[in-house]
Every structure is written in C-alpha cells, then in structure tokens.
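Participant: Sequence:
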Amino acid sequence: MPGDAIDAGNAMRNGDTNRTDGPGAFRNPSLDIARGLIVALMALDHVRIFFTSAQFDPVDVGATDWGYFLTRWVTHLCAPGFFFIAGAGVYLSERSNPDRYALSRFLALRGVWLIVAEIAVFGFAWSFRPGWMWFGVIWALGGSFLLLAAARLLPKWLLLPTTLALLLLLPAVQGAIRVPDSFGALFFHGGVADLPLLGARAVLYPLLPWAALMFAGYASAPYWLRAGEPVPARLIVAGLWLISIFVALRVFGIGGGSAEPHAGSKMLMSFLNVRKYPPSLQFSSLTIGLLALFCGWAASRSSAGSRAWAPLRDFGRVPFFFYAIHLFLIHGSALAVAAVLGWPTDYLFWQGVWPHLQPPNGYGFGLAGVLIAWLAVLALLWPMCVWFGAIKRKHPSLLLRLL
Numbered sequence: 001m002p003g004d005a006i007d008a009g010n011a012m013r014n015g016d017t018n019r020t021d022g023p024g025a026f027r028n029p030s031l032d033i034a035r036g037l038i039v040a041l042m043a044l045d046h047v048r049i050f051f052t053s054a055q056f057d058p059v060d061v062g063a064t065d066w067g068y069f070l071t072r073w074v075t076h077l078c079a080p081g082f083f084f085i086a087g088a089g090v091y092l093s094e095r096s097n098p099d100r101y102a103l104s105r106f107l108a109l110r111g112v113w114l115i116v117a118e119i120a121v122f123g124f125a126w127s128f129r130p131g132w133m134w135f136g137v138i139w140a141l142g143g144s145f146l147l148l149a150a151a152r153l154l155p156k157w158l159l160l161p162t163t164l165a166l167l168l169l170l171p172a173v174q175g176a177i178r179v180p181d182s183f184g185a186l187f188f189h190g191g192v193a194d195l196p197l198l199g200a201r202a203v204l205y206p207l208l209p210w211a212a213l214m215f216a217g218y219a220s221a222p223y224w225l226r227a228g229e230p231v232p233a234r235l236i237v238a239g240l241w242l243i244s245i246f247v248a249l250r251v252f253g254i255g256g257g258s259a260e261p262h263a264g265s266k267m268l269m270s271f272l273n274v275r276k277y278p279p280s281l282q283f284s285s286l287t288i289g290l291l292a293l294f295c296g297w298a299a300s301r302s303s304a305g306s307r308a309w310a311p312l313r314d315f316g317r318v319p320f321f322f323y324a325i326h327l328f329l330i331h332g333s334a335l336a337v338a339a340v341l342g343w344p345t346d347y348l349f350w351q352g353v354w355p356h357l358q359p360p361n362g363y364g365f366g367l368a369g370v371l372i373a374w375l376a377v378l379a380l381l382w383p384m385c386v387w388f389g390a391i392k393r394k395h396p397s398l399l400l401r402l403l
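In terms of UniProt numbering, the sequence shown has 106 at position 106, counting the first letter as 1, and numbering is strictly consecutive.
Among the clues, some could well be false.
[Said to hold, decoys possible] Restraint ranges, calculated between C-beta atoms of paired labels, are given here:
#, residue 1, residue 2, range
1, 105, 390, 21 to 31 Å
2, 74, 379, 13 to 23 Å
3, 222, 109, 22 to 32 Å
4, 116, 251, 42 to 52 Å
5, 345, 241, 43 to 53 Å
6, 390, 264, 49 to 59 Å
7, 265, 105, 53 to 63 Å
8, 63, 394, 45 to 55 Å
9, 63, 116, 35 to 45 Å
10, 159, 237, 20 to 30 Å
Hints in this document: simulated from the structure, not taken from any laboratory.
Quick reminder that beta carbons are idealized off the backbone N, C-alpha and C, glycines included.
Work out the full structure, taking the sequences as your base and the hints as a guide.
Facilitator: Shown next as structure tokens:
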C-alpha cells in the first residue's frame, strides 16, 4: 500500500521548508510527518503479511483478537492517506506554478510512471516470481494522477460536484452499473480483469473509488491549508465531523461497511470493522477523519521540525523510495529468516491470480515477533531514506523527482 503518498512534487529544502523541486510543489513538515506515519504503518501491515504465523484474517471478528485486529485496523489509514495527501500536494503545487499545463503534464508523466512501475517492478517485489503482478495501490495512484491531471484543467465549479459524485454516488450505483467484467474490476469494484497481453490479473484497488479520495484531498485543500500551511483548528473540526458522519452511517447501516452484526462480546470490534475493498463511504469517512485529526494535532505542535519527529519526517520526504525499498527488504528478510529457522519457503513465492496469504503450519512469528520485525525494518530504512533525501536535494533532476 503504498505513497504522497507520492506527492505531486518533491521538496528541495536548501533551508526553506516550503521550497520544492517539482513544478511549483510545496511541502510542509507536519504533512511530511503525516506521510511518514502512513508509510511506517504500511510497513507494519506488510511485515505482518510476510512474517506472521496467524492463519486467520486479522479483521475476521469471529477468529481474531484485539491485538491482531488493531495491528491490521490501524493500517487502514495508509491507502486513503496516500490518495488524500497526494491530492492536497497537487493543490500546493499550483500555488507557485503559473503554467497549469506544465503541472498537468508532470502529473500525467508521474501517473504513467507509477502504472509502469506497478507492472514491471512491484509485482516481482510482492511475489518474487517473474511475470506475476496485480493491480495494487501504485496502479491506482498512477491512474488517479492521470485523472486529476485532466480534471484540474476543467472549470473549478465542476470539481466539487465531480468529487461528491465519486464519493457519494459511485458506491450506491456500483451494483446497478452494467459493464464488462474486466472493465468493472479495473474501474469500479475490483476482482479479476482479463486483459490483453497481461492475461487474468487481480485488481485489489479499482481506480474510481480511490481516485475519489485524491479528488477530495485536492478539492478540500483550500479549506484546511492557508499560505501553504495546515490550519490545525480546521483540520480538527473536519476530522470530528467526519468521524461523527462515520458513526451515524454505521449506526443506521448506510454507506457500506462489514456485514457483521453489532452485538455480542466483540461489538466494538465489529462496529469498527469497515469495508476497505473497495472503500466504502463508512471506511473513507472514518479513515480520513482520523487522518485529519492527526494532521491537525501535528500541525499544532510547535516542535514539528524537532529531532523527535525526524524518523517520520525523513520517511515522509521520500515516500516512493520508502515503498520501493521496503517491499524488497521485507520480502527478502522473510526469505532469509525462513531459510535460517527452517520455515517453509514456498509460501513466499506467490502464484496464481490471487496470492494465498495463509501461512502454512510451522511458519512465522507471533504478534510480538511481528512487531519486533517491523521496528527492525524501520531502523534499517531510516538511514536509507536520509541518504536518498540528501541525494534528491543535491540533484533535483526530473528522474529523481519521479522517485
């Protein structure tokens, strides 16, 4: 899951926290911290996939416990955070870029690059099997950048109704839309798409529901950003409103969510267990609400530039690099540990359209071991991100801006 997530232009500091090397992009320490938190939590989810011994879905309320549930549930912030902050990054890029077409060309180039990277690079990073790939978060980010590159050139008054239609109407009409199965899987509801050249491929992130969150970040940014800086009070108010909307939707059973009843000893767990694939309105309002609260809190801290925030800030400055390296690091480390400890290794070489993610008997660590492995991965990634961030500041080329 993955990236601004991969922001619309990467910052070139040189002593100025708002200077960028992208086409007019801005960035802010508190948003870097939020991005850093997102990618760190993403790494937790992926470490869990490759290191866990648990043979159940951590959000299966009937099988899980609070430790496993929260370890997975907290990572739900990642994907919507990637898209929402990326949309806000495009808005920040516009502030100092008088050539609106140049920015759209850059966004389109970035979108194409991300889709190519999903197909050519990240499929192997996930599977360690040449030729395997799925349509994951990076494909959806790339497609969303392509859509926003075009949509931002339309009259501004069209943007808000387009965003609301994607957020509110699309989930309601998905079941009634009659389109070819592969088209529907790619753009509406996920599933399996049978495509020319690629064949049958799993679609984990259908484009339009996730693009809606990038559009929402772009459209809402003028409200919660002022002079390139987050406005803490507005973020906190927006976050509280969104969480209130989530509670109302959940209580009245509107806007998707899980099919589990809200009763019994795991009532709260069931209440929080909202549907991510594809993102329901309940899921989006809860996760973006929590993200807004965190961003508001981080922006209100006068110490946002202090060393205490350094790891998250350094991760958040190079999110695409973090994503690319962390997949190979986690998967490679899991293979090495499995070989040393005598775990079955076939599990780590994915095959089939949908990977089988239930570890075999005798494989993996318990939850404590997963958390230790996660912290070890972050410790290894931190100096790498510092190093790459320094290279980007020294050499702000187009190629490095895309990474």
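Participant: Now, for every hint given, state plainly whether the structure supports it.
Facilitator: The hints, checked one at a time:
no. : hint                  : in the structure
1   : 105 x 390: 21 to 31 Å : 28 Å, holds
2   : 74 x 379: 13 to 23 Å  : 20 Å, holds
3   : 222 x 109: 22 to 32 Å : 25 Å, holds
4   : 116 x 251: 42 to 52 Å : 44 Å, holds
5   : 345 x 241: 43 to 53 Å : 49 Å, holds
6   : 390 x 264: 49 to 59 Å : 53 Å, holds
7   : 265 x 105: 53 to 63 Å : 55 Å, holds
8   : 63 x 394: 45 to 55 Å  : 50 Å, holds
9   : 63 x 116: 35 to 45 Å  : 38 Å, holds
10  : 159 x 237: 20 to 30 Å : 22 Å, holds
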